[in-house]
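Participant: Each chain, letter by letter, is given below.
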Amino acid sequence: MKHLKIIFFIFSVLASGQLFSQTTIDFNEENSGNLYIKLYGHVDYNHKIESGVRHAGKMDVHRLVTLFGYQFSRKTQFVSEIEVEHVKEIFIEQAFVKHRITRSINLKAGLLIVPMGFVNESHEPTFFYSVERPLLDKNIIPSTWREIGLGISGLLQNHNLKYQLYLVNNPNGFDGEAKINGAKGIRSARQKGAESIVTGLPGISGQLEYYGFENMRIGWSTYYGKTNTSLYDDFDVIDDFSTSVIDSSTVTMHMNTLHFEYTSNKLTARYQHTFSAFRNADRYNQFTGSDVPELMHGFYTLVAYNVLNVERQSLEPFFRYAHLNNHLNIPDGMDKKDELKQNIYTIGVNYKPDPGVVFKVDFQFYERGNGSSFQQFNTGIGVWF
Amino acid sequence: MVLIFCILLLNGWSQDSLLDQYQKQTLKIVEKQFNIKEVALKKEDCNFGELFRVMDKTDHTGFILLSEVAACNLGGCHQYSEIKKTYASEFFDLLVITDLEMNIKHLKILNYFSEFGYQVTSKKYLKKFTGKNVCDFLDDTDEIDIVSGATISSYALEGKLAQLCNY
Chain A
1 MKHLKIIFFI FSVLASGQLF SQTTIDFNEE NSGNLYIKLY GHVDYNHKIE
51 SGVRHAGKMD VHRLVTLFGY QFSRKTQFVS EIEVEHVKEI FIEQAFVKHR
101 ITRSINLKAG LLIVPMGFVN ESHEPTFFYS VERPLLDKNI IPSTWREIGL
151 GISGLLQNHN LKYQLYLVNN PNGFDGEAKI NGAKGIRSAR QKGAESIVTG
201 LPGISGQLEY YGFENMRIGW STYYGKTNTS LYDDFDVIDD FSTSVIDSST
251 VTMHMNTLHF EYTSNKLTAR YQHTFSAFRN ADRYNQFTGS DVPELMHGFY
301 TLVAYNVLNV ERQSLEPFFR YAHLNNHLNI PDGMDKKDEL KQNIYTIGVN
351 YKPDPGVVFK VDFQFYERGN GSSFQQFNTG IGVWF
Chain B
386 MVLIFCILLL NGWSQDSLLD QYQKQTLKIV EKQFNIKEVA LKKEDCNFGE
436 LFRVMDKTDH TGFILLSEVA ACNLGGCHQY SEIKKTYASE FFDLLVITDL
486 EMNIKHLKIL NYFSEFGYQV TSKKYLKKFT GKNVCDFLDD TDEIDIVSGA
536 TISSYALEGK LAQLCNY
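Top line first, the protein sequences correspond to chains A and B. With the working numbering applied, the first sequence has no gaps in its numbers, which climb one by one up to 385 at the end. With the working numbering applied, the second sequence has no gaps in its numbers, which climb one by one up to 552 at the end.
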């Protein structure tokens, strides 16, 4: 009876029946759940400047995203984001149910964001520094990358680890024409949950993030999957020929990203490096006429410093150096496009009069492997509330 | 044991109480923190959590608070002013152990629900609270930097400690 070493003395409250009374929120039928609404968006101005060439500036309500969430109970919630891009295009960015199974396991299902690096998940304008999202998070990681799927996520608190592991539908690599290319990777192949086709096994997406070091987080994200193809419906007979043709319209992609962030009171430093490998690129290119490489990569490093000492406000000059090479390794016999190797230097300032509002201005210098160069001036405002 | 079980049953032990959910873990930590073998808990009236006096036989040696803390809202968070204990909030379950003077002996986040602001669960960060008095958190001069990436959860945690000071 060693357990008796723990004795609960029942004091005077015993008589009143108040011992261990419930103080947690009571999600009974009358008050269960509640709707929650949030919004983020940004309005941008971009002006490309190139020697000897005239470019018109562009003003754009780039995106406005409304989040509707519903908390059914302490353990179960639904989150959705409805996005309007460029004023006229409507998308769903997320729509999933999350249910807590145990203290370290949540079940998630629906339209899920693929965890990959910083910006794909944390894509609110108050998070990233430049007016536009980093090019790496557009042309290699196709943010906002989301597909329908299910999986688990959670914290392993004793190890200071956050994990996510999902099975999600793969991009559609062929829809009558090539949807994957060297310049923008799988960006055009995203199905975004819109009547998406399934012609193979789901992709595997995972992320591990360690936050045990003070002011620091280090993460690794991975994705592995074979792209879908619309050719499936064109062949009603299963034979070697049709299988071979169908295979020629797909690639198997393996993307890996390492991300690192250090944030103190004043200083923010970020580093992200992504490799994306494409198997079967040679056959895919022959079949579709595309220029998919065997390997593309990109990285950026950013430093920002808050020069204000005002509570809830910040003025952060920043500098970011980015390098992308979307034709790092190419299949034999294919021409390497030097313009897909580029350095981008971005210098700018973010001013937040409140943590939920940001005014941005930056200037970018693009240098490409083929010797061409240009600059771009960007300014914009962003909100998140 | 049977007797204790019966007493608890008769007193309407709620399956939903935080002590019920984290009983084993809590008692183990309390034993270790106070270096006592026979722990007794006396429930106090408290409207912001489950507050107990920790008794070593008949001597009062400290307090423990088990409380839900409203943290990041659904889908993420960035503004402290938004934190309200509404049904639309996500929570973390907090354990605070103090001595008689309300100096913090141990702080633990027992369960963190949100996928945002989870850096607040870092052991390194929570250790910084040890030795501080809960009343240090009535203003912003507690000298503990807000943990990066978890501003809202950090403020919410400190807000809960300030509530304990006002008790």
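One should not assume that every hint holds.
As the list claims (entries may be wrong) - Taking CB as the label site, the calculated pair distances span: (1) 152(A) x 405(B): 22 to 28 Å; (2) 307(A) x 423(B): 41 to 47 Å; (3) 307(A) x 515(B): 30 to 36 Å; (4) 319(A) x 405(B): 24 to 30 Å; (5) 551(B) x 307(A): 32 to 38 Å.
What the hints assert, rightly or not - SDA-like cross-link-like pairs, simulated, lysine to any residue; straight-line CA separation at most 20 Å: (6) 413(B) x 445(B); (7) 490(B) x 418(B); (8) 75(A) x 406(B); (9) 508(B) x 214(A); (10) 413(B) x 157(A); (11) 341(A) x 321(A); (12) 509(B) x 218(A); (13) 509(B) x 184(A); (14) 509(B) x 486(B); (15) 427(B) x 509(B); (16) 508(B) x 341(A); (17) 509(B) x 216(A); (18) 48(A) x 369(A); (19) 266(A) x 301(A); (20) 184(A) x 273(A); (21) 493(B) x 286(A); (22) 192(A) x 68(A); (23) 513(B) x 157(A); (24) 493(B) x 160(A); (25) 352(A) x 263(A); (26) 513(B) x 214(A); (27) 493(B) x 263(A); (28) 442(B) x 513(B); (29) 108(A) x 58(A); (30) 226(A) x 261(A); (31) 337(A) x 301(A); (32) 493(B) x 158(A); (33) 512(B) x 184(A); (34) 513(B) x 262(A); (35) 508(B) x 108(A); (36) 509(B) x 373(A); (37) 509(B) x 265(A); (38) 508(B) x 104(A); (39) 58(A) x 46(A).
If you're looking for bench data, these hints aren't it; they were derived computationally from the structure. All C-beta atoms, glycine included, are put in the ideal place defined by N, C-alpha and C.
Participant: State the violated hints by number, sorted upward, taking the hints as numbered earlier in the document.
Facilitator: 2, 4, 13, 14, 15, 16, 21, 27, 28, 29, 30, 31, 33, 35 and 36
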